[in-house]
Amino acid sequence: MSDLALAFTWARRELRAGLSGFWVFLACLALGVGAIAGVGAVSQAVQEALQRDARALAGGDVVVRTSYEPAGPDQIAWMQERSAALSRGLEMRVMAGGADAIERRLSELKAVDQAYPVAGTFALRDGGALHHALAERDGRWGAVAEEGLLDLLGLAVGDPLTVGSQTYQLRGIIAQEPDRSTSLASFGPRLMVAAASVEGTGLILPGSLIRYVYRVALMPRADPLDWAAALEDRFPSAPLRITPASRAAPGLGETVGRLTLFLTLVGLTALLIGGIGIANAVQSFMGRKAGTIAILKCVGAPARLILLTYGVQTAALALLGIAVGLGLGTAAPFVLAALLESLLPVKLEPGIYPLALLQGAAFGVLTTAAFALWPLLKSRRIAAARLFRDMVAPAGGRPTLVEAGVIAGLLALLALLAVTTAEQPGFAVWFVGAVAAAFILFFLAAHGLAAVARRLAQTRLARLRPSLRLALANLSRPGAPTVSVVLSLGFGVTVLVAVAGIEANLGKTLREDLPAQAPTFFFVDIQPNQLANFRETVATVPGEHALVARPMLRARIVKINGQPVREEDLAENVRWSVRSERGLTYQAEPPDNGAIVAGRWWSADYKGPPLISFHAGIAAGMGIGVGDTLTFNILGREITATIANLRAIDFRSVRMQFSTIFAPGTLEAAPHTILATTRTPPEQASALVRAVSAKFPNISAVRVKEALESFDNLIRQIGNAIRVIAAVGLIAGVLVLASAVAAGQQARRHDAVILKVLGATRPNVLAIYLWEFGVLGIGTVGIAAVIGGTAAYIVVTGVMSLQWTLPLGAILLTAPLALAITLVAGFAGVWQTLGQKPAPLLRNA
Amino acid sequence: MLAPSDSVIALEDVHLTLGSAAGPVNILRGIDLSVAAGETVGVVGPSGSGKTTMLMIIAGLERPSAGSVRVAGNDLNRLSEDGLARFRRDHVGIVFQAFHLVPTMTALENVAVPLELAGRKDAFERAAAALEAVGLGHRLTHYPSQLSGGEQQRVAIARAFAPGPRVLLADEPTGNLDGDTGQQVIELLFEQCAREGTTLVLITHDPALASRCSRQVRVADGRIAGSEAEAEAVA
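Just so you know, the protein sequences line up as chains A and B, in that order. Residues in the first sequence are numbered consecutively from 1, following the numbering used here. Residues in the second sequence are numbered consecutively from 1001, following the numbering used here.
Source of the hints: derived by calculation from the structure; they are not laboratory data. By construction, the Cβ of each residue, glycine as well, lies at the ideal position given by its N, Cα and C atoms. No incorrect hints appear here.
Beta-carbon label-pair distances, calculated as ranges:
| # | chain 1 | residue 1 | chain 2 | residue 2 | range |
| --- | --- | --- | --- | --- | --- |
| 1 | A | 812 | B | 1081 | 34 to 44 Å |
| 2 | A | 303 | B | 1073 | 54 to 64 Å |
| 3 | B | 1073 | A | 763 | 19 to 29 Å |
| 4 | A | 339 | B | 1063 | 50 to 60 Å |
| 5 | A | 778 | B | 1081 | 25 to 35 Å |
| 6 | A | 405 | B | 1179 | 43 to 53 Å |
Construct all of the structure, not just a fragment, from the sequences and the given hints.
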């Protein structure tokens, strides 16, 4: 019989003994593989749904938008000729109120024509037809709205609703709007009216931010990308934003992609933590098999054959674990579909995703190989005689250069697989590097803890308390679970501490620091001729309002130094600045916030070619500086300006700030509106909104506090999502902890019996374990607090540039959790030893 | 037989019956034994006769099914499991054939354990002295696996004597050792007993070793089959 056949035969015989001792191995593998395969499968289900519903999400095969002014008649004619259906509409922010129009709320108005929707299905809650609801009846136009608006204004279907100078009748509640914005930012609930009714609101004013939207359904077999390219070719200088359906929800698609990558990598981290459990399980299995191996060697089995035999067994168990994981991964999209549908604008049709499963399996195989190899290899090199005496130095020694090389190669393959299967390899490289660094850090810290325990065990203080000394000795003895526990549990706790630390600092900024300095309101779309009147109106409301008003236009950067902008040439973190129109202003004096870091401010009476003051950070991302030129498309006109100076702008202050400020003399004649901020005493806030909206129905008031609160909520939700993910890592950590403790159970039982023979009571033994797991838990929490706190510090001060406060509360909340986990899982592993009767063990020795 | 009032060990009609698949097995069938303070008793008998079980009952590691056990003034039947542990801590030292050292502790730590359990502040100093006394002053920081069999048994003896027990129980202490090493260990054991005035109960298969005790007790089939005092007890 060949070696391999013999190995299979022996392996089969040994596996007949069952899976006892391998539950942690199987659970770790199944959890990690299940997480990776599940994330992949769910992500594919979501991406497929997004693709399938792309037309409906976009609102058509192609959607064309213009700002401020509608598309020209020739452009509309071009679109009309080349489409099966064209729906024309507009979108703007308005203040909507009830009949008395005293209480008004910011809402997102969408006006549509009869052709809407050209893709997807629109539904009202009562099942009525949209256009019937919007139609003019008895001299009154109809409106439909999201339930949120009705709640805010205290209105019911049938009530009058005022927008500008038009009073609508509320005729329905929106149940489904196929092309509701997929972006996260929303300034208020949706309100829909007929396009023909908008003129009557009196809100279509020059410079007001109105987006005209043209939703196009193409002829059968027409290609949206070709159609979009043809439109752009025909009207190259028109300020049209043309979006084919496939690119309609890039934000959502990208978000899902990023989330997938992040979750996959977290799954991989859980799998790596589980890897320690796998190594422990194989190690303890090989320990239990020492006698068998010795006998096999004594009767002439070569080391290679023994390695093969146990390798085959490990592989068989790994296949079982991976299969369970793949089962979990396959089930994930089916189980999570309902939950995800409440969060996403699409309906999922889950299926089986072989690629995602394959990826999970590949990670599982490589992780098992990387972590199980060393315990397996150790059995090969130990002489039979030594196997009998292998308690203090369990199969000791270090791997040879070749063995270490093979293990390192497997780990490198694992990293390579993570990077090559990632949608953003750059992020994956960063993540893998960070995880590797964290592993090394934890490894060193764990050894440090063991060394400290060894030192402490020899101190006079420890000797005064025998249970403490014995516990400390337990932590530093050969084969102690210290490193396993710190490494496995430390990871999860670190993530918890880091998230809590970031959240605490961000929360403090959002809830305390920002509201203290941010304005109360942003008033938008003030017409220049309303400004004086607006100032007077504000002044009539009691209290200091610190009114600041600046002209505002919206423009898009189209050329850098005369060359058309190409997003891919810009640093990733500034690409947003050229994607759409951004607000800009003009002024003679330098603003009081934002220090000039390069160049000089213009003289107050400057009258020359266009100059701008620009955001230093964006300039760096674009690779430009003082003296370079930017070309802006402002309402269809291109204006090229030279950068005169760069300012360091801190957008986090939520004050009115513009990344681009023009020198006087260029934009004064262009149609624009005024943007104003006030810092109104809280008790006067409602009075101010009432006073302004009663007099100026066209002016929208954005309450900063509400925007900050919704952002704060978003941050908390993200924090909770990360906590759920950290929990996966923690579960893996707990499994590893229990396995590490259980692996030494035989030895602990023996020790406990001897202690009892020598006169130790059960409370004595219990006290030893309490000290041992207590010190281990506190040590792990300490290490995790330092590493997690440092990570949070780097993110808060380096990435977010916020002020750092030590999140002591967050750490103190996390610590008992980790300590409890260590104690419970530790005791679960040793509980049986407490009741161990000495006599049977002494007889069998 | 009633135990004399100065007995350190007094077993009266001790029975031990254990359940097994084939029905109850009577391991001890009415043992009566009385050992006076300072006496050395050699227990002999064929394998399976109940010698080790009797020793375990004296140590409080096994509870009898019937009969009374008094050791060092303690009625062991009245003690809880933790009470028995405290009783061993305070009164009994045990030396096993298989040494039974804690493999993850150094020689010094192994010897210090019972002293630490007894709350001795000078546990390590006494442990070091005990190891010095058995000739292992140079092996304090060695783990059991780094010691020879003879050295391990000497550590076990140091551990058993270190707290100054009234009773020392030894179960074939030389069973795992070669002749010369075994001889050295036995010399040490008797020396220590004589010096400390410790009562010794020693199980052995070696008639020569048994004859060094002041009394020999023969156990057969779970009973005391005979007892004879040696004229030439080793001092």
